[in-house]
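Order-wise, the sequence lines are chains A and B. Just so we're aligned, residue 1 is where the first sequence starts under the working numbering, counting upward by one. Just so we're aligned, residue 203 is where the second sequence starts under the working numbering, counting upward by one.
There may be inaccurate statements among the hints.
No farther apart than 25 Å at their CA atoms in a straight line, the calculated lysine-lysine pairs in the BS3-like style are these [claimed, not checked]:
#1 A/Lys202 with B/Lys248
#2 A/Lys117 with B/Lys232
#3 A/Lys169 with A/Lys90
#4 B/Lys258 with B/Lys248
#5 B/Lys248 with A/Lys144
#6 A/Lys202 with A/Lys144
#7 A/Lys202 with A/Lys169
#8 B/Lys258 with B/Lys232
#9 A/Lys117 with A/Lys60
#10 B/Lys248 with B/Lys232
#11 B/Lys211 with B/Lys223
#12 B/Lys223 with B/Lys248
#13 A/Lys116 with A/Lys202
#14 B/Lys292 with B/Lys258
#15 A/Lys117 with A/Lys202
#16 A/Lys144 with B/Lys284
#17 A/Lys116 with B/Lys258
#18 A/Lys90 with A/Lys80
#19 B/Lys284 with A/Lys60
#20 A/Lys144 with B/Lys258
#21 B/Lys292 with A/Lys116
#22 B/Lys284 with A/Lys80
#23 B/Lys258 with B/Lys284
#24 A/Lys60 with B/Lys232
#25 B/Lys248 with B/Lys292
#26 B/Lys224 with B/Lys211
#27 B/Lys258 with B/Lys224
#28 A/Lys169 with A/Lys80
#29 A/Lys60 with A/Lys80
#30 B/Lys223 with A/Lys169
#31 A/Lys117 with B/Lys223
#32 A/Lys80 with A/Lys91
#33 A/Lys169 with B/Lys211
#34 A/Lys116 with B/Lys223
#35 B/Lys258 with A/Lys80
#36 A/Lys117 with B/Lys284
#37 A/Lys144 with A/Lys90
#38 B/Lys284 with A/Lys169
#39 A/Lys91 with A/Lys169
Calculated directly from the structure, the hints in this document are not laboratory data.
The primary structure of each chain is shown beneath.
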Amino acid sequence: MLLGNFVMTNDPTSDTSQAIDPATWVDNHGDYLYRYAVSRLRDPEAAEEVVQEAMVGALKNVNQYSGRSGERAWLLGILKLKIIDVYRQKKRNPSNLDEESGNLANMLFDRNGSWKKEVRPAMRQSLDSIDREEFRQILSECLKSLPNRQSDVFSLRVMNEESAENICKDLEITSTNYWVLLHRARLQLSSCMKQRWFEENK
Amino acid sequence: MMKAMFSCKEVSQIVSESLDKKLSIMTRVKLWMHLGMCGICARFRKTMIRVDREVKQFADEVENDETDAIGQLPVESRNRLKRHLTNLYKD
Chain A
1 MLLGNFVMTN DPTSDTSQAI DPATWVDNHG DYLYRYAVSR LRDPEAAEEV
51 VQEAMVGALK NVNQYSGRSG ERAWLLGILK LKIIDVYRQK KRNPSNLDEE
101 SGNLANMLFD RNGSWKKEVR PAMRQSLDSI DREEFRQILS ECLKSLPNRQ
151 SDVFSLRVMN EESAENICKD LEITSTNYWV LLHRARLQLS SCMKQRWFEE
201 NK
Chain B
203 MMKAMFSCKE VSQIVSESLD KKLSIMTRVK LWMHLGMCGI CARFRKTMIR
253 VDREVKQFAD EVENDETDAI GQLPVESRNR LKRHLTNLYK D
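Excised from the complex, chain A in its bound form (with noise of 0.2 Å):
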């Protein structure tokens, strides 16, 4: 049996100091994780695989969960490498770098490098004023609209503040794809950011 390793050091019999029972992890902090998986995958269907994957990987390696008090943040550890094998699989970036929104530049800039005349009236657009509900609502949005490799790279260095070598190893990224993801990732945010709220105000 896959699991037979942790029956024995864990019988739920044996020592009830250290009885455990999954299904209140589900009570206890299956919305958390979720939410959390959800703010990192942007993908409510991978976020409910990727907390199954990680409490059952909990289970598989109960025997080295040491405390009641840090129950959540140990299955929150675990969610986070769950979460990389995810960053990682081949079905979520199926494009190469270079399709992704590579012509996003050439939509905004002209040959010289200065804002194209037709987007002048929208990049314009201050959005300081705008209230933090309202400036997250369209943020959302436009997460929304990031290819999921440029979403990965970016939360995990806004959301996550990882170092850049950090995140080249565990996406297995070059630095210089490192930086175009990043920078992408920022430019087509606030392009959208400025165009949406430039849209909804005409």
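With the hints as your guide, set chain B onto chain A.
Frame of chain A, contents of chain B only:
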């Protein structure tokens, strides 16, 4: 625009870089010269900075369990997962 200056396209890239690492003095001087003259880039920079800040803030709220904006694990999935884990544990 003058050759000694960055283009708007270059500026967007440099602003992005400035969010991750310290720029050289020369780059900063050229950046601020451009931003002083180009209102679109100056505003674009502010938006880029705010996007990063808001995303980070939201990520912190999620991690600290201070938001329910994303919703909950769907009931079906929750029940399936409970059964699955309980069965695995019994085995």
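Right, here's what the structure says about each hint:
1. A/Lys202 with B/Lys248: holds (21 Å)
2. A/Lys117 with B/Lys232: holds (23 Å)
3. A/Lys169 with A/Lys90: holds (16 Å)
4. B/Lys258 with B/Lys248: holds (16 Å)
5. B/Lys248 with A/Lys144: Holds, at roughly 21 Å.
6. A/Lys202 with A/Lys144: holds (23 Å)
7. A/Lys202 with A/Lys169: violated (44 Å)
8. B/Lys258 with B/Lys232: violated (28 Å)
9. A/Lys117 with A/Lys60: violated (59 Å)
10. B/Lys248 with B/Lys232: Roughly 17 Å separates the two Cα atoms, so the pair holds.
11. B/Lys211 with B/Lys223: holds (19 Å)
12. B/Lys223 with B/Lys248: holds (17 Å)
13. A/Lys116 with A/Lys202: Answer holds: A/Lys116 to A/Lys202 is near 19 Å, not above 25 Å.
14. B/Lys292 with B/Lys258: Violated, at about 41 Å.
15. A/Lys117 with A/Lys202: holds (17 Å)
16. A/Lys144 with B/Lys284: Distance of about 30 Å is beyond 25 Å: violated.
17. A/Lys116 with B/Lys258: violated (30 Å)
18. A/Lys90 with A/Lys80: Roughly 18 Å between the alpha carbons, so the hint for A/Lys90 and A/Lys80 holds.
19. B/Lys284 with A/Lys60: Roughly 15 Å separates the two Cα atoms, so the pair holds.
20. A/Lys144 with B/Lys258: Holds, at roughly 16 Å.
21. B/Lys292 with A/Lys116: violated (64 Å)
22. B/Lys284 with A/Lys80: Answer holds: B/Lys284 to A/Lys80 is near 21 Å, not above 25 Å.
23. B/Lys258 with B/Lys284: Measuring from Cα to Cα gives roughly 32 Å; hence the hint is violated.
24. A/Lys60 with B/Lys232: violated (56 Å)
25. B/Lys248 with B/Lys292: violated (55 Å)
26. B/Lys224 with B/Lys211: Roughly 19 Å between the alpha carbons, so the hint for B/Lys224 and B/Lys211 holds.
27. B/Lys258 with B/Lys224: holds (19 Å)
28. A/Lys169 with A/Lys80: Answer holds: A/Lys169 to A/Lys80 is near 15 Å, not above 25 Å.
29. A/Lys60 with A/Lys80: OK: A/Lys60 and A/Lys80 at ~16 Å, within 25 Å.
30. B/Lys223 with A/Lys169: holds (19 Å)
31. A/Lys117 with B/Lys223: violated (31 Å)
32. A/Lys80 with A/Lys91: holds (19 Å)
33. A/Lys169 with B/Lys211: violated (29 Å)
34. A/Lys116 with B/Lys223: violated (28 Å)
35. B/Lys258 with A/Lys80: Holds, at about 17 Å.
36. A/Lys117 with B/Lys284: This hinted pair is violated, its Cα atoms lying about 57 Å apart.
37. A/Lys144 with A/Lys90: Roughly 19 Å between the alpha carbons, so the hint for A/Lys144 and A/Lys90 holds.
38. B/Lys284 with A/Lys169: Violated, because 34 Å separates the two Cα atoms, which is more than 25 Å.
39. A/Lys91 with A/Lys169: holds (19 Å)
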